[in-house]
Amino acid sequence: MENLLTLWHASGLVQMEAGQAAMIFIGLLLLFLAIRKGFEPLLLVPIGFGGILANIPGAGLAYSAVENALHHADPLVLAEITELFSLPADAGIKSLLAAVDGAGPVVQLTLQRLAESAGYSNGMLYNFYNVAIASGVAPLVIFMGVGAMTDFGPLLANPRTLFLGAAAQFGIFATVLGAVGLTALGWMDFSIADAAAIGIIGGADGPTAIYVSSVLAPDLLGAIAVAAYSYMALVPMIQPPIMRALTTREERAIEMKQLRHVSKREKIVFPLVLLILVALLLPDAAPLLGMFCFGNLMKECGVVDRLSDTVQNSLINITTIFLGLSVGSKLVASKFLDVETLGILGLGIVAFGIGTACGVLMAKLMNRFSAVPLNPLIGSAGVSAVPMAARVSNKLGLEANPHNFLLMHAMGPNVAGVIGSAVAAGVMISLVG
Amino acid sequence: MQAGIIDQGLELMLYGMGTVVVFLALLVVATTLMSRFVGRFFPEPEVEAPAPRATASGAPTGDAQLLAVISAAIHQHRKQR
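Chain order of the listed sequences is A and B.
Residue numbering for the first sequence follows my numbering, beginning at 210 and increasing consecutively.
Residue numbering for the second sequence follows my numbering, beginning at 11 and increasing consecutively.
There's no promise every hint is true.
Computed beta-carbon distance windows for the label pairs [stated by the list, open to error]: (1) Leu607/A - Ala40/B: 51 to 57 Å; (2) Ile16/B - Leu216/A: 54 to 60 Å; (3) Ser523/A - Ile16/B: 44 to 50 Å; (4) Thr42/B - Gly313/A: 32 to 38 Å; (5) Leu574/A - Ile16/B: 27 to 33 Å; (6) Leu76/B - Arg453/A: 26 to 32 Å; (7) Leu607/A - Gln90/B: 44 to 50 Å; (8) Tyr25/B - Asp360/A: 39 to 45 Å; (9) Thr42/B - Arg453/A: 29 to 35 Å.
Each computed SDA-like pair below joins lysine to any residue, with the alpha-carbon atoms no more than 20 Å apart [to be verified]: (10) Lys473/A - Val38/B; (11) Lys476/A - Gln86/B; (12) Lys473/A - Met44/B; (13) Lys476/A - Leu77/B; (14) Lys573/A - Lys473/A; (15) Lys476/A - Val38/B; (16) Lys476/A - His85/B; (17) Lys473/A - Phe52/B; (18) Lys473/A - Asp73/B; (19) Lys476/A - Gly14/B; (20) Lys473/A - Arg50/B; (21) Lys473/A - Ala35/B; (22) Lys573/A - Lys476/A; (23) Lys473/A - Ala82/B; (24) Lys473/A - Phe47/B; (25) Lys476/A - Arg50/B; (26) Lys476/A - Ala74/B; (27) Lys466/A - Phe52/B; (28) Lys473/A - Val31/B; (29) Lys476/A - Ile15/B; (30) Lys476/A - Phe52/B; (31) Lys573/A - Val38/B; (32) Lys476/A - Tyr25/B; (33) Lys476/A - Arg88/B; (34) Lys476/A - Asp17/B; (35) Lys573/A - Val31/B; (36) Lys473/A - Ala83/B; (37) Lys476/A - Gln75/B; (38) Lys573/A - Ala35/B; (39) Lys476/A - Asp73/B.
Please keep in mind that the hints were generated in silico from the structure rather than gathered at the bench.
Every residue gets a Cβ at the ideal spot worked out from N, C-alpha and C, and that includes glycine.
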């Protein structure tokens with residue numbers, strides 16, 4: 210009978226809290242969106258599943274050893290921690306958790322040892338998170354793979370499209386302003402670092418967003434990653450109304466001149482030029498753009514096909530699995546169910562909208578002042594989201610004029626957007642981090 | 011404090027956007043220069059160009075031969091009838 214009682218108390222049903230149930234539901238919702246609606250399934254399936262795992266009551270998969278000990282209310286550890294922080298003996302678990310969170314690194318190490326000696330260990334997802342994201346490894350490896358899949362040909366054929374990639378990054382900074390505005394109004398409570406991490410959602414680039422928030426605002430990482438990937442999946446719905454509103458039918462029907470041929474040597478030299486420029490001007494963007502250039506060089510140089518193949522396929526797939534699960538570990542109820550998450554989701558969609566609008570407006574301006582016709586629709590592709598945004602430009606172009614194939618032209622601003630958001634990330638990290 | 015965070019946001023926007031635009035503008039210049047440099051001093055060895063010329067110059071002889079064969083065949087055919 211006693212054993213039965215122990216089992217019952219260890220069961221999920223007893224320990225389930227409302228927040229955890231809600232988060233498991235959100236995890237199921239993400240899985241539904243990924244599997245049924247095809248929203249970025251490669252990421253949302255691991256993120257959704259990780260989210261469910263992280264919220265299994267009593268399992269503590271997403272907690273560190275110390276947090277696990279506190280959640281199990283181990284009397285020995287509790288007493289020691291209370292003493293360590295000289296808190297009143299009847300301090301609740303919440304205030305202990307807050308004290309542990311705010312402790313310096315030396316104290317953290319002591320606590321870790323304390324919890325481990327009491328027989329608690331880090332949860333599986335917590336370890337994944339530390340290895341994959343907290344160290345910065347997974348987003349960078351993915352960026353290397355993205356570099357190896359990117360063709361800079363359209364960009365090299367028409368370098369002016371880099372300006373479109375720059376203009377679309379305005380969405381990032383406008384959103385930063387929105388986030389600090391909400392704080393100033395007293396509706397939310399974001400620090401400037403939080404605001405910067407939220408803004409980067411407007412870069413429409415998953416690995417960049419995760420990298421920046423792991424550096425600047427690890428607490429918000431779950432919400433930011435979920436917002437970034439879900440809005441990237443929604444690009445075909447978010448962008449077209451904005452693009453139609455800002456352009457006339459004649460502008461959308463503009464046909465562009467065919468791109469010139471780009472030699473292999475130019476393609477090999479370009480990543481090196483970019484790397485040198487980054488090294489000279491913005492070393493803080495070097496981790497992201499360095500890996501990006503390295504991946505691209507491996508692809509273009511043509512002598513390391515085996516490496517390039519690995520980076521583009523097996524390596525990026527393995528990393529994606531662990532990245533997704535690690536992001537899922539940040540979907541713990543106590544950290545995700547918050548007004549601020551709603552704020553992040555709202556600001557994220559604004560970031561996308563402003564970025565798209567600025568790209569289109571910049572393209573209109575360039576069309577006005579240049580001798581070569583330029584279709585304003587390709588401006589919206591400046592918000593990375595490769596290759597979805599370029600496909601949207603192509604689709605709208607075809608609607609206005611059935612002979613108008615913009616896909617290759619839109620790939621230029623599209624990859625320019627990737628470079629632009631990585632540069633923006635570097636600036637944010639160097640100014641705020 | 012609350013006005014301070016707005017100022018910080020504005021500052022971040024100014025410097026951030028400025029850096030992005032300047033960096034990408036420099037990249038445009040560097041890329042254009044690089045393309046011109048590579049195009050002038052290290053043009054791609056033209057592999058494709060000689061190939062069509064070879065077939066083009068070979069074409070007349072081929073055609074003449076073909077013509078001879080065809081006319082011979084037609085001749086044979088007519089003779090048979």
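Results of checking the hints against the structure:
no. : hint                           : result
1   : Leu607/A - Ala40/B: 51 to 57 Å : violated, 34 Å
2   : Ile16/B - Leu216/A: 54 to 60 Å : holds, 56 Å
3   : Ser523/A - Ile16/B: 44 to 50 Å : holds, 47 Å
4   : Thr42/B - Gly313/A: 32 to 38 Å : violated, 51 Å
5   : Leu574/A - Ile16/B: 27 to 33 Å : holds, 28 Å
6   : Leu76/B - Arg453/A: 26 to 32 Å : violated, 57 Å
7   : Leu607/A - Gln90/B: 44 to 50 Å : violated, 58 Å
8   : Tyr25/B - Asp360/A: 39 to 45 Å : violated, 32 Å
9   : Thr42/B - Arg453/A: 29 to 35 Å : holds, 33 Å
10  : Lys473/A - Val38/B             : holds, 19 Å
11  : Lys476/A - Gln86/B             : violated, 58 Å
12  : Lys473/A - Met44/B             : holds, 13 Å
13  : Lys476/A - Leu77/B             : violated, 46 Å
14  : Lys573/A - Lys473/A            : violated, 31 Å
15  : Lys476/A - Val38/B             : holds, 14 Å
16  : Lys476/A - His85/B             : violated, 57 Å
17  : Lys473/A - Phe52/B             : holds, 11 Å
18  : Lys473/A - Asp73/B             : violated, 36 Å
19  : Lys476/A - Gly14/B             : violated, 46 Å
20  : Lys473/A - Arg50/B             : holds, 14 Å
21  : Lys473/A - Ala35/B             : violated, 23 Å
22  : Lys573/A - Lys476/A            : violated, 28 Å
23  : Lys473/A - Ala82/B             : violated, 49 Å
24  : Lys473/A - Phe47/B             : holds, 14 Å
25  : Lys476/A - Arg50/B             : holds, 15 Å
26  : Lys476/A - Ala74/B             : violated, 44 Å
27  : Lys466/A - Phe52/B             : violated, 26 Å
28  : Lys473/A - Val31/B             : violated, 27 Å
29  : Lys476/A - Ile15/B             : violated, 43 Å
30  : Lys476/A - Phe52/B             : holds, 13 Å
31  : Lys573/A - Val38/B             : holds, 19 Å
32  : Lys476/A - Tyr25/B             : violated, 31 Å
33  : Lys476/A - Arg88/B             : violated, 61 Å
34  : Lys476/A - Asp17/B             : violated, 42 Å
35  : Lys573/A - Val31/B             : holds, 17 Å
36  : Lys473/A - Ala83/B             : violated, 49 Å
37  : Lys476/A - Gln75/B             : violated, 44 Å
38  : Lys573/A - Ala35/B             : holds, 18 Å
39  : Lys476/A - Asp73/B             : violated, 41 Å
Consistency note: the structure conflicts with the earlier hints numbered 1, 4, 6, 7, 8, 11, 13, 14, 16, 18, 19, 21, 22, 23, 26, 27, 28, 29, 32, 33, 34, 36, 37 and 39.
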